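A.B. asks: The sequence shown begins at 1 in the UniProt record's numbering and counts up one residue at a time.
Hints listed in this document are in silico derivations from the structure and should not be mistaken for laboratory results. Bear in mind the structure is a predicted one, so any value in this text is a computation, not a measurement. A hint or two may mislead.
[What the hints assert, rightly or not] Here are the computed lysine-lysine pairs in the DSSO-like style, where the Cα-Cα straight-line distance is at most 27 Å:
id	residue 1	residue 2
1	Lys-74	Lys-52
2	Lys-74	Lys-42
3	Lys-42	Lys-52
[Unchecked claim] Simulated restraints on C-beta separations:
id	residue 1	residue 2	range
4	Ala-104	Asp-66	36 to 44 Å
5	Lys-74	Val-6	34 to 42 Å
6	Cys-72	Tyr-153	19 to 27 Å
7	Ser-98	Asn-148	20 to 28 Å
We put the beta carbon where it would ideally sit given N, CA and C, even for glycine.
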Amino acid sequence: MGISSVGGCILDAAVTKFSGLAVFQPVINGVGGNLVAIQSCKLSTLLAQRSKLGSHPSNDAQSCVDPCSAFCGKSSHARTARLLMLMVLPGHLIFVYSIQLLNAGNTVITPIFLACYLTAALFQVALLLYFARCMIYCMWSRGIDPDNAAIPYLTALGDLLGIAFLAFSFQPFPT
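Take the sequences, apply the hints, and build the full model.
C.D. replies: This is how it looks when you write it as structure tokens:
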């Protein structure tokens, strides 16, 4: 609840300052939330198949790994994270150009805006995927079923990060 409240405060301030921001908020938060939910379910399923709740698989005993291992490692988790990261840019480009074609926002889609927006989206998803890896494993090791507990936290965190990065990406374009 607290995470969502902070995100709401940021959204309120950002929409007041940037008139074209509101139409992008559900896009950035929706894409990030859906991608991290996919990774969370995959991690939870793999843990359930390979170990008992409260203990890690013998070949994957660390709760939290470094970001390089989370994305560049040889594990199936890292491959999935890379694949999900590859989906960010095309997915957002489709939505951004749909918004432009429908004249849904007050924002002119320039190359600079697009670069700022896509950078914000990439940072959001990268952080969410990394936090998902750590959170799922920590919950599992503590005997908490991450299928029930992790996704609400991760999507709330995704909303917070999404609106914060989105507001930051609008900074060069005051309206």
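A.B. asks: Next, verify each hint and record whether it holds.
C.D. replies: Checked hints:
Restraint check: the Cα-Cα separation between Lys-74 and Lys-52 comes to about 23 Å, which is no more than 27 Å; the hinted pair holds. About 16 Å separates the Cα atoms of Lys-74 and Lys-42, which keeps this hinted pair within 27 Å; it holds. For the hint linking Lys-42 to Lys-52, the alpha-carbon distance of about 16 Å falls within 27 Å, and the restraint holds. Between Ala-104 and Asp-66 the Cβ separation comes to about 40 Å, which falls inside the hinted range of 36 to 44 Å.
Taken as a hint, the range 34 to 42 Å holds for the pair Lys-74 and Val-6, whose Cβ atoms sit roughly 37 Å apart. Cys-72 and Tyr-153 have their C-beta atoms about 25 Å apart, which keeps the hinted 19 to 27 Å range intact. Between Ser-98 and Asn-148, the C-beta spacing of about 34 Å breaks the proposed range 20 to 28 Å.
In this structure, the one hint that does not hold is number 7.
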